[in-house]
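Trainee: Sequence:
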Amino acid sequence: MVLSQRQRDELNRAIADYLRSNGYEEAYSVFKKEAELDVNEELDKKYAGLLEKKWTSVIRLQKKVMELESKLNEAKEEFTSGGPLGQKRDPKEWIPRPPEKYALSGHRSPVTRVIFHPVFSVMVSASEDATIKVWDYETGDFERTLKGHTDSVQDISFDHTGKLLASCSADMTIKLWDFQGFECIRTMHGHDHNVSSVAIMPNGDHIVSASRDKTIKMWEVQTGYCVKTFTGHREWVRMVRPNQDGTLIASCSNDQTVRVWVVATKECKAELREHEHVVECISWAPESSYSTISEATGSEVGHDNWVRGVLFHSGGKFILSCADDKTLRVWDFKNKRCMKTLNAHEHFVTSLGMYCSPVLDSKYRTRETSSSASSPAEDQAGHSRSGIPMMFCAVF
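Heads up: the sequence shown begins at 131 in the working numbering, then just goes up one per residue.
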């Protein structure tokens, strides 16, 4: 590198100041003569200690560069693999990290819900544009659109096999879709207002729905008949979710309460009252979190706007939330702190989904593994699966 005359002069003066201030008088005199510095000129005070400052700055910058290079290399590997480095991080500790793998565009209105297929490399989104869209999350490709609702699609749910998809809408209907043929096989009527939430029960025989008409209804999958109605909320029921074995359902409402219901008797087992505003989303804690969740009762504040979605990390240690402040936050609920904030979107973040699934080979090719030998390796569209565990997170 060639220095300009001004840079050379500044460097010489800084060296001269260093030699003089550290008692190297002979070297200082020789250097002034060799550098042609005016022997009668007092060195400018602004050069005092300049050489030491520049030296320590270079060391700090080198350390910072090394740290950034390390983070960049790790991020590149995570981006390529679609998840964290398996050898360095326990899957139970995996949390979403930027940058996003894909940004999927196609809906003409806000996205209301996103879920993963329980078996294959597919995710499904619902939107206020009255459509449901199917995406391949391995390639980021759009696959197809399901049309049938005449108003905003509010929620969607797969059964445990992934063969059936339920949807609900502001058009006051619930639709059941054959996800292998992508056809609507049943439409259920009965709610008197916007149907805001739907979930297929774990046994796959029934569907539960929640509505602005203040009720929760249970429907028989085979016939489409309403077999039970749960009443008790005083305002719009925003979401309903069954527990893992389907014996209980939880609901939340504009009446600022969360209710837990016994499915067999329709009895309200518990009414939870602590929120001071609309309760928009709920999530059942997985068994993996039972050992630590009892220590974390209380409330967490961190988002700057309305929280739209919440779910438990499958590892049992974290809660993920999204909000109108455009962020996704990861909460360590044992230590009661927000451990990571991702600026996820340029607009409101309305839904998030997380799924621990097999790694799916690109181009729908399956790898032979013992874990997939007992079930089909591909669906009718050619989406494949294998037995290597991996986590994916989708935010809309």
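One or more of the hints may lead you astray.
Heads up, simulated EDC-like pairs for lysine to aspartate or glutamate below, C-alpha to C-alpha not over 20 angstroms straight-line [unchecked claim]: (1) K293 <-> E313; (2) K163 <-> E140; (3) K344 <-> E401; (4) K358 <-> D343; (5) K194 <-> E182; (6) K293 <-> E258; (7) K183 <-> E230; (8) K344 <-> D301; (9) K293 <-> E365; (10) K193 <-> E230; (11) K470 <-> D455; (12) K396 <-> D375; (13) K293 <-> E273; (14) K193 <-> E182; (15) K358 <-> D322; (16) K231 <-> E258; (17) K396 <-> D335; (18) K470 <-> E140; (19) K396 <-> E417; (20) K344 <-> E397; (21) K344 <-> D322; (22) K399 <-> D375; (23) K399 <-> E365; (24) K231 <-> D271; (25) K456 <-> E410; (26) K344 <-> E313; (27) K344 <-> E410; (28) K194 <-> E166; (29) K184 <-> E230; (30) K206 <-> E182; (31) K231 <-> E273; (32) K456 <-> E140; (33) K396 <-> D455; (34) K162 <-> E197; (35) K183 <-> D139.
So the derived label-pair ranges between C-beta atoms look like this [to be verified]: (36) W414 <-> M196: 40 to 46 angstroms; (37) T280 <-> E197: 39 to 45 angstroms; (38) E199 <-> A415: 52 to 58 angstroms; (39) V188 <-> R136: 31 to 37 angstroms; (40) F272 <-> P416: 18 to 24 angstroms.
Hint data in this document are derived by calculation from the structure and do not stem from the laboratory. Since we're looking at a predicted model, the values are computed, not measured. The C-beta atom is built at its ideal place from N, Cα and C for all residues, glycine as well.
Trainee: K184 and E230: Cα distance at most 20 angstroms?
Mentor: 38 angstroms, violated
Trainee: For the pair supplied as a hint, K231 and E273, is the alpha-carbon distance within the 20 angstroms limit?
Mentor: OK: K231 and E273 at ~17 angstroms, within 20 angstroms.
Trainee: Range hint 18 to 24 angstroms: satisfied by the CB atoms of F272 and P416?
Mentor: Given a distance of about 31 angstroms, which is not inside 18 to 24 angstroms, the answer is violated.
Trainee: Does E197 lie within 20 angstroms of K162 when you go C-alpha to C-alpha?
Mentor: 40 angstroms, violated
Trainee: Next pair to validate is K293 with E313; report whether the Cα-Cα distance is within 20 angstroms.
Mentor: Within the cut-off at roughly 11 angstroms; holds.
Trainee: For K194 and E166, compute the direct alpha-carbon distance and say whether it is at most 20 angstroms.
Mentor: Cα-Cα ~37 angstroms, so violated.
Trainee: Given the hint that K293 pairs with E365, test it: the Cα-Cα distance must not exceed 20 angstroms.
Mentor: Measuring from Cα to Cα gives roughly 33 angstroms; hence the hint is violated.
Trainee: Would you check the hint for K194 and E182, treating anything up to 20 angstroms between C-alpha atoms as holding?
Mentor: 19 angstroms, holds
Trainee: Does D322 lie within 20 angstroms of K358 when you go C-alpha to C-alpha?
Mentor: Judged against 20 angstroms, a Cα distance of about 15 angstroms means the pair holds.
Trainee: Holds or violated: are the alpha carbons of K193 and E230 at most 20 angstroms from each other?
Mentor: 27 angstroms, violated
Trainee: Between the alpha carbons of K399 and E365, is the straight-line distance 20 angstroms or under?
Mentor: Roughly 19 angstroms between the alpha carbons, so the hint for K399 and E365 holds.
Trainee: Given the proposed pairing of K344 with E410, does the C-alpha separation stay at or below 20 angstroms?
Mentor: Judged against 20 angstroms, a Cα distance of about 14 angstroms means the pair holds.
Hint check: violations occur at hints 6, 7, 9, 10, 16, 18, 19, 26, 28, 29, 30, 32, 33, 34, 37, 38, 39 and 40; the rest are consistent with the structure.
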